[in-house]
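Trainee: Residue numbers (my numbering): 40 to 214.
No lab work stands behind these hints, which were simulated from the structure alone. One or more of the hints may lead you astray.
Listed next, with one range per pair, are the computed distances between beta-carbon atoms [claimed, not checked]: (1) Glu75 - Pro195: 33 to 43 angstroms; (2) Ile49 - Val145: 15 to 25 angstroms; (3) Arg89 - Arg64: 17 to 27 angstroms; (4) Val201 - His151: 39 to 49 angstroms.
Positions of the beta carbon are idealized from the N, C-alpha and C atoms, including for glycine.
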Amino acid sequence: MLAVVPLPAITLADLDGDPKLSPKRYAGYFEHFGYEYSPVVQPADVFLAREKGDCDDYAALADRVLAPKGYGTRLIQVRVAGLTVDHVVCYVNEAKAYLDYNNRAVFLTLTHAGATIREIATKVAKSFDANWTSASEFTYKENRKQWLATVVKTDPPERDPVAGQSGAVKIRLDF
40 MLAVVPLPAI TLADLDGDPK LSPKRYAGYF EHFGYEYSPV VQPADVFLAR EKGDCDDYAA
100 LADRVLAPKG YGTRLIQVRV AGLTVDHVVC YVNEAKAYLD YNNRAVFLTL THAGATIREI
160 ATKVAKSFDA NWTSASEFTY KENRKQWLAT VVKTDPPERD PVAGQSGAVK IRLDF
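Start from the sequences, fold in the hints, and give me the full structure.
Mentor: Below, the structure is given as structure tokens:
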């Protein structure tokens, strides 16, 4: 008689130590993970050990493990009309696509999109068969989000920030 032995959970050390880690390979590690919403990003080791989480856990971890491997990653948060929470994806410049927790268990684990925040937001909203209202690029370091740029759908596209560059304006105050 054959016994089913559960595989041990993937660890952060496993991901960091994987010399062949690519965006597609990353997605493959999460096919069996469950969904559980949390208003905060779980620490990576907790997300991996529990094997459940949500889109920002997945995207923040993708950014954390793929960027040191030489991938240009960008975290994009999209406000979708009709959803009670925003949706977060990790855009990978080299793949011209984003990693989406909703697609982790399907054949096409990467969703191709243009590089602008507007193009990414449009594609994300389309996956929900909905509209988007605003989208922001941010970084996630030391348990904090730092907002880099925001695009409002109703604003003219020519006002959008350049893809991958902060839209922040530096202000000098003299007293």
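Trainee: Against this structure, judge whether each hint is valid.
Mentor: Consistency of the hints with the structure:
1. For Glu75 and Pro195, the hinted distance range of 33 to 43 angstroms is satisfied, since their beta carbons lie about 39 angstroms from each other.
2. A beta carbon spacing of about 19 angstroms between Ile49 and Val145 agrees with the range 15 to 25 angstroms that was offered as a hint.
3. Remark: the range hint 17 to 27 angstroms for Arg89 to Arg64 is upheld by a beta-carbon distance near 21 angstroms.
4. Remark: the range hint 39 to 49 angstroms for Val201 to His151 is contradicted by a beta-carbon distance near 20 angstroms.
Hint compliance for this structure: hint 4 alone is broken.
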